[in-house]
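Enquirer: The primary structure of each chain is shown beneath.
There are 2 protein chains.
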Amino acid sequence: MATGRTHRPATRSRGIPEATVARLPLYLRALTALSERSVPTVSSEELAAAAGVNSAKLRKDFSYLGSYGTRGVGYDVEYLVYQISRELGLTQDWPVVIVGIGNLGAALANYGGFASRGFRVAALIDADPAMAGKPVAGIPVQHTDELEKIIKDNGVSIGVIATPAGAAQQVCDRLVAAGVTSILNFAPTVLSVPDGVDVRKVDLSIELQILAFHEQRKAGEETAAGDGALPAATAREASADQGPDGDVPAVMPA
Amino acid sequence: MATGRTHRPATRSRGIPEATVARLPLYLRALTALSERSVPTVSSEELAAAAGVNSAKLRKDFSYLGSYGTRGVGYDVEYLVYQISRELGLTQDWPVVIVGIGNLGAALANYGGFASRGFRVAALIDADPAMAGKPVAGIPVQHTDELEKIIKDNGVSIGVIATPAGAAQQVCDRLVAAGVTSILNFAPTVLSVPDGVDVRKVDLSIELQILAFHEQRKAGEETAAGDGALPAATAREASADQGPDGDVPAVMPA
DNA sequence: CCATCTTTGTGCACGCGTTCACAAAGACAT
DNA sequence: ATGTCTTTGTGAACGCGTGCACAAAGATGG
Numbered sequence: 001m002a003t004g005r006t007h008r009p010a011t012r013s014r015g016i017p018e019a020t021v022a023r024l025p026l027y028l029r030a031l032t033a034l035s036e037r038s039v040p041t042v043s044s045e046e047l048a049a050a051a052g053v054n055s056a057k058l059r060k061d062f063s064y065l066g067s068y069g070t071r072g073v074g075y076d077v078e079y080l081v082y083q084i085s086r087e088l089g090l091t092q093d094w095p096v097v098i099v100g101i102g103n104l105g106a107a108l109a110n111y112g113g114f115a116s117r118g119f120r121v122a123a124l125i126d127a128d129p130a131m132a133g134k135p136v137a138g139i140p141v142q143h144t145d146e147l148e149k150i151i152k153d154n155g156v157s158i159g160v161i162a163t164p165a166g167a168a169q170q171v172c173d174r175l176v177a178a179g180v181t182s183i184l185n186f187a188p189t190v191l192s193v194p195d196g197v198d199v200r201k202v203d204l205s206i207e208l209q210i211l212a213f214h215e216q217r218k219a220g221e222e223t224a225a226g227d228g229a230l231p232a233a234t235a236r237e238a239s240a241d242q243g244p245d246g247d248v249p250a251v252m253p254a
Numbered sequence: 001m002a003t004g005r006t007h008r009p010a011t012r013s014r015g016i017p018e019a020t021v022a023r024l025p026l027y028l029r030a031l032t033a034l035s036e037r038s039v040p041t042v043s044s045e046e047l048a049a050a051a052g053v054n055s056a057k058l059r060k061d062f063s064y065l066g067s068y069g070t071r072g073v074g075y076d077v078e079y080l081v082y083q084i085s086r087e088l089g090l091t092q093d094w095p096v097v098i099v100g101i102g103n104l105g106a107a108l109a110n111y112g113g114f115a116s117r118g119f120r121v122a123a124l125i126d127a128d129p130a131m132a133g134k135p136v137a138g139i140p141v142q143h144t145d146e147l148e149k150i151i152k153d154n155g156v157s158i159g160v161i162a163t164p165a166g167a168a169q170q171v172c173d174r175l176v177a178a179g180v181t182s183i184l185n186f187a188p189t190v191l192s193v194p195d196g197v198d199v200r201k202v203d204l205s206i207e208l209q210i211l212a213f214h215e216q217r218k219a220g221e222e223t224a225a226g227d228g229a230l231p232a233a234t235a236r237e238a239s240a241d242q243g244p245d246g247d248v249p250a251v252m253p254a
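Same order as they appear, the protein sequences are chains A and B. Take the first sequence: its letter number 131 is residue 131 in the UniProt record's numbering, and every next letter is one higher. Take the second sequence: its letter number 186 is residue 186 in the UniProt record's numbering, and every next letter is one higher.
Any given hint could turn out to be false.
Which copy is meant is left open, so a pair is good if it fits within one copy or across any two.
Keeping only pairs whose Cα atoms sit at most 25 Å apart, straight-line, the calculated SDA-like set for lysine to any residue is [claimed, not checked]:
no., residue 1, residue 2
1, Lys218, Ile150
2, Lys218, Ala48
3, Lys149, Val136
4, Lys57, Ala19
5, Lys134, Asn110
6, Lys152, Ile139
Please keep in mind that the hints were generated in silico from the structure rather than gathered at the bench. Just so you know, these numbers come straight off a predicted model, no measurement behind them.
Throw the hints in and build the complete structure from the sequences for me.
Expert: Below, the structure is given as structure tokens:
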């Protein structure tokens, strides 16, 4: 033992684990619901159940933010909502641009989830000249030529890419060059970006394929209940595990 | 103490790590692109670059599937496409139902990614009677009343929920009761399902909030002042985050 | 003020996933 | 055949995330 290895090179102090960050929005949602019902306090057990996680995990997550609970009582809902919102940076306004106003882009523009939590759709951008000026979700679509100007004029740092795969990297490059440092990518492509730029991808195709894998597994277990000779173990499988982990894989088909 | 919990001997053999399963679709997409360009073989290094992962990780991933590579040469593209497709269960046809044909549901229905890889939209279901019969993406929308019948008649085991949050759990329960054992959930809700049912969720709001967290982190490192108006687009070198501790004051509001 | 009861915060151990580094395996040239 | 060169497949170490189990902290009641 005495691993004596480098004890904390850095990455601590304000370093909240990525897995925890990914769960904060989940807690926030549950807390907001409680807040709307005017529930004053909530225990880790209750909140964990509402968020679909283990209570010990939740307490540990909160411990990274500080000690906001009261032993014997629980957490103050309003206070926690504020703390998490602040930690996630939702107390400020984030202008967002959506590039690629096809079916998906339009759906995103109409998605109420944006406006509700500090996010504001600053502009909709599409490469099709015929789309220019046409209002989607009450916002007129602008042409790709305006991309750089829009980003700069609005101080946009978060961009959403909902273009076909072929255009994604090019759009990404332009967004980054114009100053965007966080990208949510719905296109089925692996984007390459310079250091300092965050990319998260969301893809239906990958999610479905993962489901298909497990589905096939389940189907195979029933019919082939011969060699294993360890039937009890099946319940342990991946069963009803909720959200994946810190990251959401994504890849759409061409 | 001394719980000495027996370390699961099972979960091996056919047990491909979840993290690996999540990457297989990524490899498959890269391989398909190579296949279309008639590239016969590919090295782990090249394929890893195309998929955006580490080559050692890729090789280990493939090692769970078996030894499909040739040392000194690489992997046979076509063969690997087949093996991964088979492993993911994509060599068979998966009928899928989409419930909730709003903006998002319609976008999903129109999404070409379904048909392209073993997935077939068997039906579109919506609770609004006015939608019934109306074709979306060439498929007539059916009313929720038909849900159970549709599931059973088509042998559907995978369901996509694109309803408002309030209806999601109810729809989920009905899908499960009718025989669906895999669910892709787009509604911002934590679904509770019985053991044996897989749920994967895709949540735009959460993804954006995670981006906002990192964005705030980046912005906070430079200066506390700056409101929007980022200087020239030289967002290139912002890396080196994780500044030395003690730089972030613990603002404690009243 | 003390006893009891509830719930937080966390030390600890465990298992999974990632990465390094290298021996084994095979292609290819001579 | 033999040697060299390329690339796979994997043993081993490491670090992160998870969950248990419990002591500390504070509320509550007498």
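Enquirer: When no copy is named, should Lys134 and Asn110 be tagged within, between, both, or neither for a Cα gap of at most 25 Å?
Expert: Answer is both; intra-copy 14 Å and inter-copy 21 Å each pass.
Enquirer: Cα distance capped at 25 Å. Does Lys218 pair with Ala48 within a copy, between copies, both, or neither?
Expert: neither (29 Å within a copy, 30 Å between copies)
Enquirer: Using 25 Å as the alpha carbon limit, work out where Lys149 and Val136 are close: within a copy, between copies, both or neither.
Expert: Close inside one copy (20 Å), not across copies (36 Å); limit 25 Å.
Enquirer: With 25 Å as the alpha-carbon cut-off, assign the pair Lys152 and Ile139 to within, between, both or neither.
Expert: within (18 Å within a copy, 42 Å between copies)
Enquirer: Which holds for Lys57 with Ala19 at a C-alpha limit of 25 Å: within a copy, between copies, both or neither?
Expert: both (10 Å within a copy, 21 Å between copies)
Enquirer: Could you figure out if Lys218 and Ile150 sit no more than 25 Å apart (CA to CA) within one copy, between two copies, both or neither?
Expert: between (50 Å within a copy, 21 Å between copies)
Against the hints set out earlier in the document, a violation occurs for number 2 only.
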